[in-house]
Amino acid sequence: MNKGSVSQILLITDGCSNQGEDPVAVSRHIVSTGVSVNVIGVLDDDQTEEPIGLREVNEIAEAGKGVSRIVYADDLSETMQMVTQQAMTQTIQGYVNQELKSILGDETNEEALPPETRGEVQEVMEDLSETVDLNMVILVDTSASMQTKMSAVKEALDDLMISLDARQGQFMYTVYQFPTRKQVVKLLLDWTDDGKRIAKVFPKFAVGGITPTGSALREAAKAFHISEQDDVMRGAAYDVIDPSYRSSS
Amino acid sequence: MMSSIHPTVRLANGTKINGLWHKRQYQIKQLLGEGARGSTYLVEASGKKVALKISRDPSVVTAEANILKKLQRAQSISLGPSLIDVDDGYLPNRMKQSFYVMEYVQGKPMTTLVGKLSLVDLGRLMSRLLSELHQLHSMSYIFGDLKLDNMIFDDSLKRIRLVDVGGVTQVGRGIREYTSIYDRGFWRLGGRKAEPTYDLFALAICLMHAERPLKFDSNGQQQILWRFLSSSKRITPFQQVIKQALLGKYRDALHMKRDVDQVVQHLIRSRPVQQRTTKVNNRRISERDLITLSGMVAFNGFMIYILL
Ligand SMILES: Nc1ncnc2c1ncn2[C@@H]1O[C@H](COP(=O)(O)OP(=O)(O)O)[C@@H](O)[C@H]1O
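These protein sequence lines are chains A and B, in that order. Letter by letter, the first sequence follows residues 75 to 323 of this note's numbering. Letter by letter, the second sequence follows residues 4 to 311 of this note's numbering.
Be aware that a few hints might be false.
[To be verified] Distance windows between CB atoms, simulated:
no., chain 1, residue 1, chain 2, residue 2, range
1, B, K52, A, A218, 54 to 60 angstroms
2, B, Q138, A, K274, 23 to 29 angstroms
3, B, Q225, A, P125, 31 to 37 angstroms
4, A, K256, B, S234, 23 to 29 angstroms
5, B, Q138, A, I126, 53 to 59 angstroms
6, B, Y93, A, E190, 18 to 24 angstroms
7, A, N132, B, R76, 38 to 44 angstroms
The set of hints was computed from the structure by calculation and includes no laboratory data. Given the structure is predicted, the values throughout are model-derived calculations rather than measurements. A virtual CB, placed ideally from N, CA and C, is assigned to each residue, including glycine.
Please take these sequences and the hints and turn them into a complete structure.
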């Protein structure tokens, strides 16, 4: 099987958007370009239940055929690794099931196969998710309420890099923050494969103001198109494994 | 699909599950444990006790069964439980779910044993485990999620068995299943690429638990480990071994085993004489031994009295 690439956006936020485009609609658009949208909602220490403001987190990820989790800052490291991994597995599962259908007929998916055959399919999927190239846009909400969570977000991203560096497939990422005073999003780190750089560019202070999540998502997603003209990325742009295959769950 | 947040499956004792493909029946006896990847039950099948792992995420079942199959094929000794069956079944709620069935490892959890065993016994168990890890590594697999919770002291085989193979990873790949305090990435003492040193790090953390359970802050500050180690009392003889393993200095499991063995030998040699002989012969001092011993002491005392 051809080695392909998977493209993801990872949005980290703690609240609902209050300006600009509808983030759910934007997310639906983004997945149609072959990019899945994953969202992590960060709770305040004194929030016991999932607040209404964070409900949007799940809706954005669902529209974007991605994975979402709502967690306390302390659990961020574990969660980021899991969300990224699961999102990749889902995309690949969707792709492999699609391939199976084309070979075995319309009604077939992995779960309809006998356990023995399933074991072989599983191995193909594991190989793919280990070796496929991963391109990731990380979009961090730095509005005022995120201030107390910034160091935890930084730690968790740093930890995520340790996991992604260990994979066999190539890994490229870029980091954006929103909102900023003048622009919707600000580029913090351009496409790179060096996981160690994230700790150095990460902002220590939140910026404050409105949270235009939808517009920020749209702007950040453009990074994938810029990258196609980019020399570094040209090699990775072939054979995208499309997340929109995945039947929504 | 697999985005379900809780992969665990709750089943009441007495529930019967019928395998759809292989037609075997299993009756739930007791919950053994549950975690991030599913639930494990003690079940009965044709009068025999076996363990059944079930998960809402079918790929967990398939992946773990795959690993057990591979380990079994290539290993002469059984480090993990042997695989018995892989199937789907309908639950009482009419949902179809995948499960696999494996050997039930009967024994004591190492989480509680680690603080009770003598250092000599602990060292011997670790030495044995290191040989077996070496064998696993030679097959190009890393255990990954090595921790006390996944170790059972097998009562009949008198050695440590590893359960929960969800973290087993081919050498050179990225490790995805791990537990923070046993993970060298968390402590920023190395990466998550699967290589022998990854398991040896986790084993060193296991040894540190013999001092007392390791508590930690949310961010893995290396100093916590070093301070814990240098202020340790019970595990002092293993300090050097642990330190080397934490720093990734052991090239393979056999090198670590060699040092563990040396510590064990040293501990045996520095024991008081009578304790040494009784332990080496691997039997307790019997009452008769004691009578003979006290008789000898009394006789010696008598002789000394006479000579004086
Ligand atoms: N084959 C087995 N025999 C006996 N006990 C087992 C077996 N497999 C698992 N267990 C027990 O069940 C617990 C949970 O195992 P498992 O569900 O595989 O872990 P998790 O879901 O947390 O990764 C283990 O810690 C162990 O004590």
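Taking the hints in turn, this is what the structure says about them:
Restraint check, B:K52 to A:A218: a C-beta distance of roughly 58 angstroms satisfies the suggested window 54 to 60 angstroms. Checked against the given bound of 23 to 29 angstroms, the beta carbons of B:Q138 and A:K274, roughly 42 angstroms apart, lie outside it. Between B:Q225 and A:P125 the CB atoms are about 36 angstroms apart, so this pair conforms to the stated range of 31 to 37 angstroms. Roughly 53 angstroms separates the CB atoms of A:K256 and B:S234, a value that falls outside the hinted 23 to 29 angstroms.
Remark: the range hint 53 to 59 angstroms for B:Q138 to A:I126 is upheld by a beta-carbon distance near 55 angstroms. Under the hint 18 to 24 angstroms, the C-beta atoms of B:Y93 and A:E190, about 20 angstroms apart, fit the expected range. In this structure the supplied range 38 to 44 angstroms holds for A:N132 paired with B:R76, their Cβ-Cβ distance being about 42 angstroms.
Checked against the numbered hints given earlier, this structure breaks hints 2, 4; the rest are met.
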